[in-house]
Amino acid sequence: QKEVEQNSGPLSVPEGAIASLNCTYSDRVSQSFFWYRQYSGKSPELIMSIYSNGDKEDGRFTAQLNKASQYVSLLIRDSQPSDSATYLCAVNVYNNDMRFGAGTRLTVKP
Amino acid sequence: SAVISQKPSRDICQRGTSLTIQCQVDSQVTMMFWYRQQPGQSLTLIATANQGSEATYESGFVIDKFPISRPNLTFSTLTVSNMSPEDSSIYLCSVVGQGALGTEAFFGQGTRLTVV
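Same order as they appear, the protein sequences are chains A and B. For the first sequence, counting from 1, position 102 maps to 102 in the numbering used here; every step adds exactly one. For the second sequence, counting from 1, position 84 maps to 194 in the numbering used here; every step adds exactly one.
Simulated from the structure, these hints should not be mistaken for lab results. None of the values given here were measured: they were computed from a predicted structure. Keep in mind that the hints are not guaranteed to be accurate.
As the list claims (entries may be wrong) - Taking lysine-lysine pairs in the DSBU-like style, the calculated list, with each CA pair at most 35 Å apart, reads:
no., chain 1, residue 1, chain 2, residue 2
1, A, 109, A, 42
2, A, 67, B, 117
3, A, 42, A, 67
4, A, 56, A, 109
5, A, 109, B, 175
As the list claims (entries may be wrong) - Coverage of chain A stretches by chain B, computed from C-beta distances (three or more under 8 Å per stretch; other residues unrestricted):
no., region
6, 78-92
7, 101-108
The beta-carbon is built from N, C-alpha and C at its ideal position, and this holds for glycine as well.
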């Protein structure tokens with residue numbers, strides 16, 4: 001079993017819709033969870049981090065964490081064409097190294 | 111936050127040759143991480159570089175193929191040795207530190223390697 005798994009996509013949503021990205025992880029002791037956005041040809045950039053169960057909102061982005069289910073999600077409200085990118089779920093396992101999911105490519109169509 | 115300068119940004123190399131990628135961080139960090147990102151794929155951790163000790167390699171990666179140096183707390187190199195077309199990929203160095211959103215991974219600009 002992979003350490004971090006994401007719905008592989010690609011995911012396509014119309015402009016203004018909600019995009020939902022999902023991620024599961026295998027290591028129960030994981031404490032820190034992250035969503036990175038990566039535009040083509042660019043390095044990943046952090047958009048959300050979450051450490052405790054529940055929801056965390058930042059602008060149009062909401063991260064949800066359920067440690068019992070080992071599940072992390074990212075919701076993007078009012079999706080914009082500029083949100084089109086690959087979204088990487090990452091888990092901080094130990095020693096500060098990050099384990100990344102395969103990524104979900106999101107396309108927001110005008 | 112941490113700023114990482116990585117070079118070269120891209121290179122085209124002949125098979126059988128080696129390429130050394132450099133990463134310079136603007137602050138001292140205990141660990142630096144080297145990732146590979148193959149076309150259309152996510153990041154795969156190659157190894158963790160610790161200052162003053164041997165790098166720790168992930169399954170599937172060996173020191174003879176990817177030797178790493180970590181001479182001080184702000185610098186590291188990754189060498190891709192005896193390259194083949196299968197090594198064509200983006201290579202990224204990373205450190206973990208405190209950013210505006212808390213703990214996060216910071217990345218260099220990446221090295222796009224093409225082996226012909």
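Comparing the hints with the structure gives:
Distance hint between residue 109 (chain A) and residue 42 (chain A) is fulfilled; the C-alpha atoms sit about 21 Å from each other, no more than 35 Å. As the CA atoms of residue 67 (chain A) and residue 117 (chain B) are separated by approximately 39 Å, the hinted pair breaks the 35 Å bound. The straight-line distance between the Cα atoms of residue 42 (chain A) and residue 67 (chain A) is roughly 31 Å, inside the 35 Å bound, and the hint therefore holds. Between residue 56 (chain A) and residue 109 (chain A), the direct Cα distance comes to roughly 26 Å. Compliance with the 35 Å bound is thereby established for this hinted pair.
A C-alpha spacing of about 43 Å is found between residue 109 (chain A) and residue 175 (chain B), which places the hinted pair above 35 Å, so the restraint is violated. Counting residues of the region 78-92 of chain A whose C-beta lies closer than 8 Å to any C-beta of chain B gives 3; at least three are required, and the coverage claim holds. For a cut-off of 8 Å, the count of residues in the region 101-108 of chain A with a CB near a CB of chain B stands at 3, and the three-residue condition holds.
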